[in-house]
Structures are given as structure tokens and as C-alpha cells.
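Could you slot chain P onto chain C? The hints should help.
As given, the protein sequences belong to chains C and P, one line each in that order.
Each residue of the first sequence is one higher than the one before, counting from 1 in full-length UniProt numbering.
Each residue of the second sequence is one higher than the one before, counting from 1 in full-length UniProt numbering.
No lab work stands behind these hints: they were computed from the structure.
Be careful, since some hints might not be right.
[Claimed, not checked] Lysine-lysine pairs mimicking BS3-like chemistry, simulated, CA-CA at most 30 Å apart:
| # | chain 1 | residue 1 | chain 2 | residue 2 |
| --- | --- | --- | --- | --- |
| 1 | P | K98 | C | K123 |
| 2 | P | K50 | C | K158 |
| 3 | P | K50 | P | K11 |
| 4 | C | K160 | P | K270 |
| 5 | P | K204 | C | K110 |
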Amino acid sequence: MKKRSRNNSVRKLVTQLMTSNCGAGAVTRAESSMAACSVEDVLAKAERDEAERLKSISVVKELELEFDVGNLLALDKNPVELRGRSQDREELLRALARDNVQLLVNEIWKLPAERTDDVLVVKLPEASTKLPREKPLPKVRPPTKWEQFAKLKGIQKKKKTNLVWDEVHKEWRRRWGYKRAKDDTKEWLIEVPETADPSEDQFAKRNKAKKERVAKNEFNRLRNIARASKTPVAGLGLAPRAQQSKSELAQAVSVARTSTASVGKFQDRLPKEKAPRNTGKKRKFQPLLGDFGNEKQKQLEMLKVMETKKPRLDVTKAVNKQLREDEEEEGRTRRKKGSGKKGDRGKRGAAGGKGKGAKGSKGGKGARSTKGKGRGPHMKQGKR
Amino acid sequence: MAHLDGVVKPKTKRSKRFLDHRAPKLLENSKNAMIMKGGNTSETVTQALKDIYSLKKPNVVLYKKKNIMRPFEDSTSLEFFSKKTDCSLFLFGSHNKKRPNNLVFGRMFDFHVLDMFEMGIEKFTALKNIKNEKCAEGTKPMLIFAGELFDVDNEYSRLRNVLTDFFRGPVVPAVRLAGLEHILHFTAADGKIFMRSYRVLLKKSGCRTPRIELEEIGPSFDFVLRRTHLASDDLYKTAHKQPKGLKPKKKKNISHDTFGTKFGRLHMQKQNLDKLQTRKMKGLRKRRGAVVVENGETTSPKKIKTQE
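Only chain C is shown next, with the shape it has when bound in the complex:
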């Protein structure tokens, strides 16, 4: 808009000059020479006009100010000299402030403005002054047991609808919570299964099962929190509670007794404390003089083991490790594929993923059934 106005003013001035300077005879050469010098004059005049207009908002400073428009901040590094009486000082300060504010406002007005609801609004850039935070960064909590497993297998969260159609009540009800769709506990009729005891209270049985599930969930949740907080949590009975059973107290006493440097060996017993039985590991040693043949065989075997350059490989352990790595890799690729496919073909991809997952897990389980589930006895054999 400035350029157009300048052009307009230039044109106006040119016409003015032409009309004013065309007093003498209209010879072409004279005209052209007059036109040449008039253009220069015109441009100079335009510049002077522009400067006139900007004079009201321009400020001259030795050093440029540093602006942080995001914070509406400006820093003036020019040295300030204040002398004289307090009145003069106030005036000086005010003049300085006015100049600085003018420069800051010029900067702000340079930003692109939008009009929203009859109001001119300017979008501010990001603040450049680095200010410290108020609180430290939030700690990333470690994944829970389920999250770890899901990551390993490549299981992704399925978005579920909020409401489910309830056939019984013929309306849409929420999936869980108050007045949910399939509420087990609100049934008025439960069929007694053939294998169950006829005198058993099926309703009570259901309620008890639900209470157990709730308690288990709560326990797992607290365990996840404890694992996340990384504080060593005391075992059962050791953290003091209101009511503790006799066995728990006895366990606490024994643990306290053995938590000394010499593992409770030289600890005096309390007046009414009973002697501990079947505690401590019993080390059995071979007799000093005995079976020479057995001793010779044992020593030779040990030498043989020390001689071999090959490391003793525990086959089962190695195979399990390899299987777990393979599963992790599969889980990762499945996750990537699942996230890619979901955009295009949601259901097909999910079904494919499910099929693959089933196959993969079955395959994994099959391979592991011989070695994985039978891990215990095999490993013991391996550590010969």
C-alpha cells in the first residue's frame, strides 16, 4: 500500500510539474530535458515526503535495541545519562521511555495482523528470553507388566465404543460402571450348573468371585506403582500394620534377628523366644580321608572342564533367549504393520493381525512347550 501511494504521489507531482514547467514553447528536446530533470526532482521530493511522514514514528538510536516480541520485551543497551534535578530526570526518563516504546511498537506492528470479530489481533512469535521452569520435568513412568507384555507381543489398544446395546433393557448402556449393559451382579436368575453342589449359594459365589477379582486388580495396580517408584517394598508382615497375626510377627522377629553382620549367629535370644529350628543352610562336606577313586574321578573331571576351550553352553537357556528375541522382533514388525494397515483397511488388517498373532503365538508356544514349559527340570540338568 505504501508503494501505490508513493506512485500516486509521484504521478501527481509529475503532472503538476509538467503543467507548471510547460510555460515556454513546446520543443521536443527542451521537453525531454525538462522531463529528465523533473523525474529526478520528483523522486527526491517523494523521498522527502515519505521521510516527513515517517518522522513522527522514527527514532534514532546509537545501538539497535534487542527485541523479544514474544514477551513484549525490549532491551536498550545505549548508555543512559541522568543528571540534574529530579524534575529534569523525570522528563529525561519519560523521553527515553517514549522512544523505546515507539521502537517496540514499530516492531510489533511489523507482524502480520488478522482480523477476528472486528478486532485486529497480532500473532506473537515464540519468546526468546530463556526463563527457568517452575517445577522439574515430569518423570516418565516405567511401563506396567501388561504394557511390557503388550509391547513384546505387538498387541495394540483397540478403541472401544462408549455405549453397548443391551438386549435385556433394549437401550444403549455404558460398557462398564453404573447401570452397565451386562451386569452380572444384577441378575435375578442363575442356572445351577450340573457339576455344582445344589446347596451352594450361586449369588454369593458370584459376589465373592467379583470381590476377589477387584482385590486382585487393586493388588496388581499397587504392585505396578511400587515397581515404578523403585523403592524397596518390605515383604508380607514386615511393614507394620494395625493387626498382625502371630505367624507374621514371628516372621518379623526372625528376619530382624538374622539382619546382622554375622547373620544372627551371635545374637542373644530374648527371654521368651524359642530356639529357631530348621533355619540356615546346611553345608555338607566330603570326609577328608575316604573314597580315593571317587576323589580322583572328581578332580579329573574338573581338570577336563577347565581345559576345554569351548564355553559350556546351556542349550535350553540359549534356545529360550533366541525365541524371546524372535518374538520381540515379530511383535515390533506386527506393531508397525498394524499401525500402517489400520489407516487403509481397518478390519481386514486387524483380522490379519489377529490371525498372524494367533499363529505366531501358537508357533512360539509349540516350540517352547518342549523346552520352555519344561524349563525347570531341563535347566537343572544343564547346570551339571
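Okay, now just chain P, sitting in the frame of chain C:
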């Protein structure tokens, strides 16, 4: 609130929201300030504290009672208060013979003192002494620091940082051009720091950018820097650690047109159109036994009208 290993478990949704508001977050809330008085305060100091309180409204808490404490010796009391009210900026005013008209500006990180600057008030003009129209409370002020000391000297540059933090107001993405009214001007000269507060008048100039005229509203301070307590370098660095990826939270059900119109999406339950509540027209109400079967033709158009 029962404390279990220092962890408070919320029992209601409201308390959970309250605790989440105060918990450490990626994008933080705007900092609150607390203003408190020491064992002995003079008229100037109380008036100064009240004026700064009105400047910083509404993100500020003003303690009316006196708290006997010394910030530079023992900061546990300050930390306790900041934890209680979730304030990370503080201003402590006191007066004694050795340090008359004392103000301590400070800020906290993780409820521990980060920086503290003690300034003495040499000359002070209150808000009520300058009689003219003031800015509305809550306007975001423009800040200007003048003087080479604010750039060159280490303590002064830290002081500039603290004053920016204190006075800048909430961080906003956009600003209304007509609403740029308030300006706080700090000048470092002659060993003093002059703080002046002006109201901005935008006058017409030849071009788009307006010409500025200032009108002093106050308060105005002449500070002298006394003691300082700067944070150690590593603590300062930890305080500046920024999170890596800040994703702006996408608001659901809101979309924008190519023309810039904002569309929102409302989800309604299925309405029973038979039982729709429309405007009641007395003449069209069904009368008991008034209309007989003979006038079968006349009844039906009435029914159509009500169902429209």
C-alpha cells in the same frame, strides 16, 4: 488428606483435578506470586506491596499478616508457603534500621529458592498519588530495560531475568493491537534502578504504525540493589531443561473451513419426535369430546398442524 509415604491419593475427581493442576507438567501454568511482609514494615513498604499486588492481579497472593522471617538466612518458611499456595515467585517487604524500605524479589524452582534480589526503595510514588485513569487489571504489560548494565553486568542481567519473570504476565499466543496499554520501564543508571509505569496512548501518524504518547500512571520506584543470592550454575541449568517434544493437544470435534469459519460437532441422543416440546398454541389443543366423528375432515388438518 492422609499421607502415605508422602504420596497423597485423591479420593474424589475434584481433588484429583486439583492435584493434576499442581503436578509437574510439560506445558506449565503461568507462575503465581506471593507477597508477604516481614516483622516490621513501614508505610512505604506496605503501600509498595499493595501497588505491586494490583499490578500482578490475578496471579498473585497477598498475605496481610506479618511473617517474621529472614529470607537470606533461612528460606524454609518461604518454601513452606510456596508449597502451600503453589507460588514460584515471591516478594518480601520489610523495614529495619540497617535496611530501610527493603524489598526482596525472588523465584523458586521445585519449591526451593533459585534467585533472590534485595532492593531498597529510595523514592516511591504510589498509585493513588498519581491521579489519572489507570489501565485495567490483568493487561499484559510491555517491558523495557534501558541501560548497558542490564546487558554487561552478570548480576544485573540475572535481575533483568527475574524482573521479566515477575512482571510479564501470562504467556499468550496473540495480542490485540488496541490492548497494548501498559508499559513498565526499567532504567539502570547512576547506581540505581528506576522503575516507571506508563499508560500508552496510540495517536494517529501518517502511516499504519501509530505514534506513541505516554502518560505516567505509577507506581514509580527508585531502587538500590543490596544483597543478591544467585543460583549455582548447575541448578540454573537444571531449571532451564525443556521437554523434548511438545505436541499441542488436538481438540476433538472442532474443524476449520477454508474460509476460516470454525465448526464444532455436537453429538445428540436420538430424540423422540412424538414427544417433542414445541410451542404451545392454545387454540390447537385437543379438546375432550368437543369434536365429534361427523367433523372427521376438520379434525385431521388440525392434527397435521400440531405435528409440523
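Evaluated hints:
1. Using a Cα cut-off of 30 Å, the hinted pair K98 (chain P) and K123 (chain C) is violated, with the two alpha carbons roughly 48 Å apart.
2. Distance restraint check for K50 (chain P) and K158 (chain C): the Cα-Cα separation of roughly 56 Å exceeds the 30 Å cut-off, and the hinted pair is therefore not satisfied.
3. For the suggested pair K50 (chain P) and K11 (chain P), the alpha carbons sit about 38 Å apart, so the restraint of at most 30 Å is broken.
4. Distance restraint check for K160 (chain C) and K270 (chain P): the Cα-Cα separation of roughly 21 Å lies within the 30 Å cut-off, and the hinted pair is therefore satisfied.
5. This hinted pair checks out: K204 (chain P) and K110 (chain C) have alpha carbons roughly 16 Å apart, not beyond 30 Å.
Hint compliance for this structure: hints 1, 2, 3 are not met, and every other hint is.
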